[in-house]
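Participant: As a plain string of letters, each chain reads:
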Amino acid sequence: MKGKVAPMSVMKRVSLIFKSKANKALDRMEDPRETLDYSYQRQLDMLTQVRRGVADVATSRKRVELQMNTLQQQQTKLEGQAKQALGAGREDLAREALSRRAALQTQYTDLENQYHSLQADEEKLTAASQRLQSKVEAFRTQKETIKATYTAAEAQSRIGEAVSGISEEMGDVGMAVQRAQDKTAQMQARAGAIDELMASGALDDVTGTQRDDIQAELDQMRGGQDVELELERLKGEIGAAPAKEIESGPAEDGGAAQTSPARPAEQPQAGDGS
Amino acid sequence: MIVRILGEGQLEVDDSATDELNVLDSTLERAVNAGDEPAFRAALAALLDRVRSLGTPLAEDTIEPSDLILPFADADLEDVREMITGEGLIPG
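One line per chain: the protein sequences are A and B, in this order.
For what it's worth, the numbering used here labels the leading residue of the first sequence as 69, then goes sequentially.
For what it's worth, the numbering used here labels the leading residue of the second sequence as 436, then goes sequentially.
Just chain A, same shape as in the assembly (with noise of 0.2 Å):
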């Protein structure tokens, strides 16, 4: 590999290796004007090849941008249960959660690079797509003049030209394709996977035990926390209200407890005034 080929600069490989490709394209035709409908033809292929990698790119970045949404929510979730766990003094649940979210995050931001990479393609491949579309419409119109105002032979040069010229165009704007493409099924894929722990209910939890075990921790113990709240209240209920009925039977404390819970608010006025 060092030997010969050494000695030639990366330029002009790539230049060469263009130029070879280009070549074979107009050989394959006898009479050089075939060329020109042959290469025009292949350029409109190309052209729909391109804005179809313009519309997969795109839709793998709005795909990663609703998983973003998703880890986003499932964020500001496990923040909102870290308040409500150190509100309720259990630090150990806080904790949990905020490290559940610290996990989240770095799912986040491996989906934001892929984000900002896909969104850069997608500018890329549309410039190129735009500058395809270009060469392309010029091409026509010399075809269409070259077809008509020369013989075979005098329009070989400038097909030639124009052949070649097109057809490192679409050397380029099909690597280019094809990197899109190679990138956004990697990315498929990682997406796929992401999809999959989503509705696994895995990252909701990522210590992989019950799945939103800490917000049915909460739950159980706002349900305790409402409890006593209801009992105090009812506590102070009955102590405002007149002395001899707390007197006279305990028996009715039982059924105004059982009562109350559906209509805390009113309760306490409707009852006192009957």
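Simulated from the structure, these hints should not be mistaken for lab results.
A virtual CB, placed ideally from N, CA and C, is assigned to each residue, including glycine.
Don't take every hint at face value.
Stated by the list, open to error - Straight-line distance between alpha carbons at most 20 Å, and here's what the computed DMTMM-like set of lysine to aspartate or glutamate pairs gives:
{"#": "1", "chain 1": "A", "residue 1": "LYS80", "chain 2": "B", "residue 2": "ASP454"}
{"#": "2", "chain 1": "A", "residue 1": "LYS87", "chain 2": "B", "residue 2": "GLU443"}
{"#": "3", "chain 1": "A", "residue 1": "LYS251", "chain 2": "A", "residue 2": "GLU191"}
Unchecked claim - To give a feel for the contact side, a few chain A residues facing chain B, derived at Cβ under 8 Å:
{"#": "4", "residue": "VAL78"}
{"#": "5", "residue": "MET79"}
{"#": "6", "residue": "VAL82"}
{"#": "7", "residue": "ARG199"}
{"#": "8", "residue": "LYS203"}
{"#": "9", "residue": "ALA206"}
{"#": "10", "residue": "PHE207"}
{"#": "11", "residue": "GLU229"}
{"#": "12", "residue": "GLY233"}
{"#": "13", "residue": "MET243"}
Based on these hints, arrange chain B on the given structure of chain A.
Facilitator: Just chain B, lined up with the frame of chain A:
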């Protein structure tokens, strides 16, 4: 002369820049032959940056073959190896 940076398009670069570009290209060549990825990345970036700053983009409807073709900016060593051996990278 016309220089194409793959993935970016063609630029018109004054012939007087040839020597300077050749020096940058030789550095790139050495990095490719040595299989030195960091050196390769630096050399490619330097070459492309120089071409971008010296060159003027060609009009989009110009159809002309380039005198020189350079790898795309995020190419790695393997990409360039494939490119200069003509293996598979260029469709058609």
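Participant: State for each hint whether it applies.
Facilitator: Comparing the hints with the structure gives:
1. LYS80(A) with ASP454(B): With a Cα-Cα distance of about 14 Å, the restraint between LYS80(A) and ASP454(B) holds, given a limit of 20 Å.
2. LYS87(A) with GLU443(B): 18 Å, holds
3. LYS251(A) with GLU191(A): 15 Å, holds
4. VAL78: 5 Å, holds
5. MET79: Holds. Min distance 4 Å.
6. VAL82: 5 Å, holds
7. ARG199: 5 Å, holds
8. LYS203: This interface hint holds because 5 Å falls under the 8 Å limit.
9. ALA206: Holds, because the Cβ-Cβ distance from ALA206(A) to chain B comes to roughly 4 Å (cut-off 8 Å).
10. PHE207: 6 Å, holds
11. GLU229: 7 Å, holds
12. GLY233: Interface hint status for GLY233(A): holds (4 Å vs cutoff 8 Å).
13. MET243: 6 Å, holds
In summary, this structure violates none of the numbered hints.
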